[in-house]
Amino acid sequence: MTTATGADVRVVNVSRRDLLKGLLGAGGLVLGVQLFPGAARAAMGAGGALAETFAPDLFLSIDASGLVSIVAHRSEMGTGIRTSLPMVLADELEADWERVTLTQAPGDAAYGDQNTDGSRSVRQFFGAMRQIGATARTMLESAAARAWNVDASECAAQNHEVVHGPSGRSIGFGDLVPIAAVLDTPDAAAVRLKDPSEWRYIGGKGVPLADGRDIVTGKAGFGLDVVLEGMKFATIERCPVLGGAPKSFDDAETLAVPGVERVVPVPGYQGAPAFSPVGGLAVIGRDTWSVLQGRNALEVEWEEGEHASYDSRLFRRDLEREVRKTGQVVRNRGDVDTALAAADTTLEAEYYCPHLAHAPMEPPCAVARVADGKCEVWAPTQSPQTARASVAQALGLRPVDVTIHVTLLGGGFGRKSKPDYIVEAAVLAAVIEAPVKLVWTREDDIRHDYYHSVSAQHYTAGLDADGKLTAWRARTAFPPIGSTFNPASQLGIGEAGQGVIDMPYDVPNIRCEVGAAQGHVRIGWLRSVANVYHAFACSSFVDEIAHARGLDPLDNLLDLLGPQQHVDLDGARYGNYGGSPADHPIDTGRFAHVVRLAAEKSGWGTALGPGRGRGLAVHRSFLCYVAVVAQVEVQDDGSILIPRIDMAVDAGQLIHPDRVVAQMEGAAVFGASLALTGEITAKGGAIEQGNFDDYTIVRMNRAPREVAVHLVESHRPPGGVGEPGVPPIAPALCNAVFAATGQRIRSLPLSRHDLKRS
Amino acid sequence: MVTLRINGREHQLDGLDPEMPLLWALRDHLGLTGTRFGCGKGQCGACTIHVDGKATRACMYPIGSLGERTVTTIEGLASQADQALQDAWVEHQVPQCGYCQAGQIMTAAELLANNPTPDDEAIDTAMSGNLCRCGTYQRIRAAIKTAAIKTAGAKR
Numbered sequence: 002m003t004t005a006t007g008a009d010v011r012v013v014n015v016s017r018r019d020l021l022k023g024l025l026g027a028g029g030l031v032l033g034v035q036l037f038p039g040a041a042r043a044a045m046g047a048g049g050a051l052a053e054t055f056a057p058d059l060f061l062s063i064d065a066s067g068l069v070s071i072v073a074h075r076s077e078m079g080t081g082i083r084t085s086l087p088m089v090l091a092d093e094l095e096a097d098w099e100r101v102t103l104t105q106a107p108g109d110a111a112y113g114d115q116n117t118d119g120s121r122s123v124r125q126f127f128g129a130m131r132q133i134g135a136t137a138r139t140m141l142e143s144a145a146a147r148a149w150n151v152d153a154s155e156c157a158a159q160n161h162e163v164v165h166g167p168s169g170r171s172i173g174f175g176d177l178v179p180i181a182a183v184l185d186t187p188d189a190a191a192v193r194l195k196d197p198s199e200w201r202y203i204g205g206k207g208v209p210l211a212d213g214r215d216i217v218t219g220k221a222g223f224g225l226d227v228v229l230e231g232m233k234f235a236t237i238e239r240c241p242v243l244g245g246a247p248k249s250f251d252d253a254e255t256l257a258v259p260g261v262e263r264v265v266p267v268p269g270y271q272g273a274p275a276f277s278p279v280g281g282l283a284v285i286g287r288d289t290w291s292v293l294q295g296r297n298a299l300e301v302e303w304e305e306g307e308h309a310s311y312d313s314r315l316f317r318r319d320l321e322r323e324v325r326k327t328g329q330v331v332r333n334r335g336d337v338d339t340a341l342a343a344a345d346t347t348l349e350a351e352y353y354c355p356h357l358a359h360a361p362m363e364p365p366c367a368v369a370r371v372a373d374g375k376c377e378v379w380a381p382t383q384s385p386q387t388a389r390a391s392v393a394q395a396l397g398l399r400p401v402d403v404t405i406h407v408t409l410l411g412g413g414f415g416r417k418s419k420p421d422y423i424v425e426a427a428v429l430a431a432v433i434e435a436p437v438k439l440v441w442t443r444e445d446d447i448r449h450d451y452y453h454s455v456s457a458q459h460y461t462a463g464l465d466a467d468g469k470l471t472a473w474r475a476r477t478a479f480p481p482i483g484s485t486f487n488p489a490s491q492l493g494i495g496e497a498g499q500g501v502i503d504m505p506y507d508v509p510n511i512r513c514e515v516g517a518a519q520g521h522v523r524i525g526w527l528r529s530v531a532n533v534y535h536a537f538a539c540s541s542f543v544d545e546i547a548h549a550r551g552l553d554p555l556d557n558l559l560d561l562l563g564p565q566q567h568v569d570l571d572g573a574r575y576g577n578y579g580g581s582p583a584d585h586p587i588d589t590g591r592f593a594h595v596v597r598l599a600a601e602k603s604g605w606g607t608a609l610g611p612g613r614g615r616g617l618a619v620h621r622s623f624l625c626y627v628a629v630v631a632q633v634e635v636q637d638d639g640s641i642l643i644p645r646i647d648m649a650v651d652a653g654q655l656i657h658p659d660r661v662v663a664q665m666e667g668a669a670v671f672g673a674s675l676a677l678t679g680e681i682t683a684k685g686g687a688i689e690q691g692n693f694d695d696y697t698i699v700r701m702n703r704a705p706r707e708v709a710v711h712l713v714e715s716h717r718p719p720g721g722v723g724e725p726g727v728p729p730i731a732p733a734l735c736n737a738v739f740a741a742t743g744q745r746i747r748s749l750p751l752s753r754h755d756l757k758r759s
Numbered sequence: 002m003v004t005l006r007i008n009g010r011e012h013q014l015d016g017l018d019p020e021m022p023l024l025w026a027l028r029d030h031l032g033l034t035g036t037r038f039g040c041g042k043g044q045c046g047a048c049t050i051h052v053d054g055k056a057t058r059a060c061m062y063p064i065g066s067l068g069e070r071t072v073t074t075i076e077g078l079a080s081q082a083d084q085a086l087q088d089a090w091v092e093h094q095v096p097q098c099g100y101c102q103a104g105q106i107m108t109a110a111e112l113l114a115n116n117p118t119p120d121d122e123a124i125d126t127a128m129s130g131n132l133c134r135c136g137t138y139q140r141i142r143a144a145i146k147t148a149a150i151k152t153a154g155a156k157r
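Residue numbers (my numbering), protein chains in the order written: chain X, 2 to 759; chain Z, 2 to 157.
Quick caveat, the hints were computed from the structure, so don't treat them as lab data.
Everything numeric in this text was worked out from a predicted model, so none of it was measured.
Every residue gets a Cβ at the ideal spot worked out from N, C-alpha and C, and that includes glycine.
Treat the hints with care, as some may be off.
What the simulated footprint calls covered on chain X by chain Z, stretch by stretch (three residues with Cβ under 8 Å from a Cβ of chain Z suffice, anywhere in the stretch; the number is not a length) [said to hold, decoys possible]:
(1) 77–85
(2) 125–132
(3) 205–213
(4) 357–363
(5) 399–413
Quick list of in silico lysine to aspartate or glutamate cross-link-like pairs, EDC-like style, CA-CA up to 20 Å [what the hints assert, rightly or not]:
(6) K469/X <-> D659/X
(7) K220/X <-> E76/Z
(8) K375/X <-> D553/X
(9) K220/X <-> D88/Z
(10) K248/X <-> D336/X
(11) K55/Z <-> D125/Z
(12) K146/Z <-> D88/Z
(13) K206/X <-> E92/Z
(14) K326/X <-> E351/X
(15) K146/Z <-> E122/Z
(16) K195/X <-> E230/X
(17) K233/X <-> D553/X
(18) K602/X <-> D695/X
(19) K684/X <-> E302/X
(20) K233/X <-> D15/Z
(21) K233/X <-> E262/X
(22) K469/X <-> D402/X
(23) K233/X <-> D18/Z
(24) K469/X <-> D338/X
(25) K42/Z <-> D694/X
(26) K602/X <-> D553/X
(27) K375/X <-> D109/X
(28) K151/Z <-> D88/Z
(29) K146/Z <-> D120/Z
(30) K146/Z <-> E707/X
(31) K42/Z <-> D695/X
(32) K42/Z <-> E689/X
(33) K220/X <-> E92/Z
(34) K206/X <-> D18/Z
(35) K469/X <-> D336/X
(36) K151/Z <-> D120/Z
(37) K42/Z <-> E444/X
Modelling step: build the complete structure from the supplied sequences, incorporating the hints.
Here it is, written out as structure tokens:
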């Protein structure tokens with residue numbers, strides 16, 4: 002049922018149901034939970050059907066010692082979600098965080114959506130976690146009331162015990178467990194959620210990272226750290242060109258390498274790459290070094306296939322041609338053509354952003370074991386349910402016979418949503434009939450990624466004689482993510498909802514268009530996805546408009562945003578990141594507020610030294626508003642230092658503010674990397690980069706020296722925070738470069754431009 | 002047969018290629034997985050260990066070259082100063098994904114051993130060989146400074 006929190010969650014006391022053996026099924030008070038966020042619930046029909054399909058997974062147990070066990074059902078890749086969501090539950094429960102342990106959930110639809118992607122974890126599960134914790138608290142209070150034979154209204158949970166107000170007596174949670182375990186689950190309506198003023202962790206100091214101590218002592222378990230008895234090691238030589246396959250190969254020298262045991266072909270995909278392996282030749286042996294040496298000795302002649310002529314330099318011209326003509330209209334207001342024809346001044350600009358690779362510090366990897374018709378996998382995955390389905394399909398098993406154990410992820414950024422590497426490990430384990438650890442080298446990672454798409458944009462604006470903006474035309478073209486799943490897909494309509502269609506500016510005539518482009522490498526989603534290139538183009542263009550109008554960029558931006566209002570998208574199809582328009586309208590007031598806040602905190606308008614400049618950009622993505630003022634210093638050699646970045650963030654209700662700050666600090670660095678040097682290129686269908694020497698990410702000495710994050714306090718429904726910090730960074734930096742040098746940057750990365758101090 | 006002196010213990014490994022980088026011997030043969038693989042060519046610092054106290058990339062160091070030298074990995078960090086460093090890391094909530102942090106801490110430990118009160122430039126110089134894709138550099142810098150202050154205070 003939909004509860005007071007608005008959460009779709011059903012909580013049931015399953016303490017006495019012996020048949021339920023889950024992760025936490027070891028006696029005590031055990032609450033089963035079924036989560037039906039959003040569409041999944043709608044798909045299941047009206048509430049009446051739920052009783053029949055009720056198959057809870059165990060989310061929370063409290064044993065007789067008072068130890069509280071909470072399932073973390075989302076993947077930890079650095080956002081702190083493994084800490085933050087259980088913390089919400091613990092807060093509503095009035096549990097002492099010191100007496101809470103976490104268990105990581107395997108991939109199972111019973112946990113609801115586990116795809117840790119789209120900056121969704123908190124916004125989808127905040128309400129549910131509150132409801133579960135509050136239900137358990139209510140039961141413990143009822144149990145205490147029974148024990149004392151008093152009214153439950155006189156009993157209140159407080160720091161891991163229940164206190165009887167009038168008498169001051171108290172009983173610990175553990176001692177209440179036997180009584181609570183036999184109580185009926187209270188109706189959702191009878192469960193009182195805490196008032197925000199009563200929160201002990203949420204929205205305040207939070208709690209220490211669950212894995213912090215293990216991380217600093219080297220004990221934290223990532224995917225690559227998993228060891229199984231009798232485990233073999235594997236590495237795969239893949240065709241440099243997508244869709245290629247071995248024509249012939251000679252493995253004689255490979256097999257002569259000590260420690261190498263065999264070479265096994267891995268079949269590639271049929272039709273679309275999707276989540277399947279790209280195929281290749283696996284070298285199997287006793288340790289990583291042996292198989293890497295063996296792989297070096299492998300001689301393969303490839304049939305490269307249809308993408309062998311892909312050249313990203315030539316492809317850029319194709320994209321630019323595409324955005325110079327009319328594309329498919331995805332938003333229309335008024336009459337842009339007439340308005341442009343009547344304009345006193347028109348402004349045109351073209352932008353380009355290259356492919357990017359995710360490059361998580363832990364490359365893809367997985368450990369798999371197949372025996373007795375069942376498969377078990379240990380892997381750093383953002384989406385264990387997708388992994389489960391993909392492995393089941395590849396091995397011809399039922400999903401229930403596939404178990405995906407989720408390790409900590411050494412970074413994800415969207416790469417580890419795709420389970421191709423997990424399928425590879427599972428396929429190999431089945432073939433060699435032994436447990437296997439699949440290791441991807443850094444070169445494998447950079448050359449066989451699901452790349453952030455390459456793109457071009459063409460923007461046109463019309464100004465009247467008074468300098469007022471009368472027309473806005475935005476065109477974008479890029480190989481869509483859809484091309485990874487259907488090679489015929491060439492129009493990224495969904496991606497246009499990330500920074501093109503949802504443009505907030507108050508202009509009487511607007512037209513947004515999407516052009517066609519074919520994918521020649523696997524295209525995937527990377528932290529903030531199409532917002533990266535669309536925010537770069539849009540926020541750069543707004544800065545160009547300021548210059549053309551002779552206005553300060555801050556004044557221009559606030560003027561374009563206009564009065565506070567909910568933006569009308571003129572009937573355009575727009576997903577709004579799954580958020581309802583009622584809870585999450587596009588609010589120009591929130592835009593303006595973060596813009597003013599970032600400007601004020603950054604010292605906007607005050608003088609800077611020679612070679613320095615400030616740039617401003619604002620972007621809303623994943624239901625979160627982020628304004629950035631970046632300060633750059635252009636060196637004599639044309640290189641760029643970033644002395645300071647100010648980020649103002651309105652993400653609605655904040656759950657763990659320190660982790661929000663951390664995500665923004667990280668986004669500033671991630672954004673700086675892609676802006677300064679991020680570029681993946683292809684020639685002859687093959688990716689030209691391979692490691693951190695030619696695909697450089699920013700190091701400490703070039704990273705923003707100070708990132709100051711300014712959080713807006715709010716009790717609005719939570720938005721995302723993992724991704725929204727990234728999009729405004731690159732345009733803010735490039736606008737700062739313009740302020741410092743007068744050079745307008747219309748393509749990334751900055752390292753491709755010859756900058757001169759003015 | 003090769004003898005490796007790691008974290009105060011001797012390990013004998015038989016039948017391994019002397020060219021095998023220490024990284025893979027540690028991870029695949031000795032179960033010391035705190036030393037991480039990130040690039041395999043000394044670009045990222047995730048595999049940083051100490052060889053005779055000097056921060057070294059385990060992915061580039063053949064086991065056959067180690068000789069009598071002693072190795073310390075993240076699992077073997079034990080001095081008071083090292084623990085103060087790890088505490089500072091926890092206090093500042095430095096880690097995001099955490100994968101690179103063992104290597105970061107090993108590099109920082111060597112820095113502080115040689116320079117107990119490093120300034121920003123010294124921190125930049127020492128730490129810029131260690132990549133963090135999550136972007137925790139600002140907190141790494143803060144944690145190093147906190148550890149430096151605490152260790153200096155303890156010595157007084």
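Cross-check of the supplied hints:
| no. | hint | in the structure |
| --- | --- | --- |
| 1 | 77–85 | holds (count 5) |
| 2 | 125–132 | violated (count 0) |
| 3 | 205–213 | holds (count 4) |
| 4 | 357–363 | holds (count 4) |
| 5 | 399–413 | holds (count 5) |
| 6 | K469/X <-> D659/X | violated, 41 Å |
| 7 | K220/X <-> E76/Z | holds, 8 Å |
| 8 | K375/X <-> D553/X | violated, 64 Å |
| 9 | K220/X <-> D88/Z | holds, 15 Å |
| 10 | K248/X <-> D336/X | violated, 56 Å |
| 11 | K55/Z <-> D125/Z | holds, 17 Å |
| 12 | K146/Z <-> D88/Z | holds, 12 Å |
| 13 | K206/X <-> E92/Z | holds, 12 Å |
| 14 | K326/X <-> E351/X | holds, 12 Å |
| 15 | K146/Z <-> E122/Z | holds, 12 Å |
| 16 | K195/X <-> E230/X | violated, 48 Å |
| 17 | K233/X <-> D553/X | violated, 63 Å |
| 18 | K602/X <-> D695/X | violated, 36 Å |
| 19 | K684/X <-> E302/X | holds, 18 Å |
| 20 | K233/X <-> D15/Z | holds, 18 Å |
| 21 | K233/X <-> E262/X | holds, 9 Å |
| 22 | K469/X <-> D402/X | violated, 64 Å |
| 23 | K233/X <-> D18/Z | holds, 17 Å |
| 24 | K469/X <-> D338/X | holds, 17 Å |
| 25 | K42/Z <-> D694/X | holds, 9 Å |
| 26 | K602/X <-> D553/X | holds, 17 Å |
| 27 | K375/X <-> D109/X | holds, 15 Å |
| 28 | K151/Z <-> D88/Z | holds, 10 Å |
| 29 | K146/Z <-> D120/Z | holds, 8 Å |
| 30 | K146/Z <-> E707/X | holds, 15 Å |
| 31 | K42/Z <-> D695/X | holds, 12 Å |
| 32 | K42/Z <-> E689/X | holds, 17 Å |
| 33 | K220/X <-> E92/Z | holds, 18 Å |
| 34 | K206/X <-> D18/Z | violated, 51 Å |
| 35 | K469/X <-> D336/X | holds, 16 Å |
| 36 | K151/Z <-> D120/Z | holds, 15 Å |
| 37 | K42/Z <-> E444/X | holds, 11 Å |
Of the numbered hints listed earlier, those contradicted by the structure are 2, 6, 8, 10, 16, 17, 18, 22 and 34.
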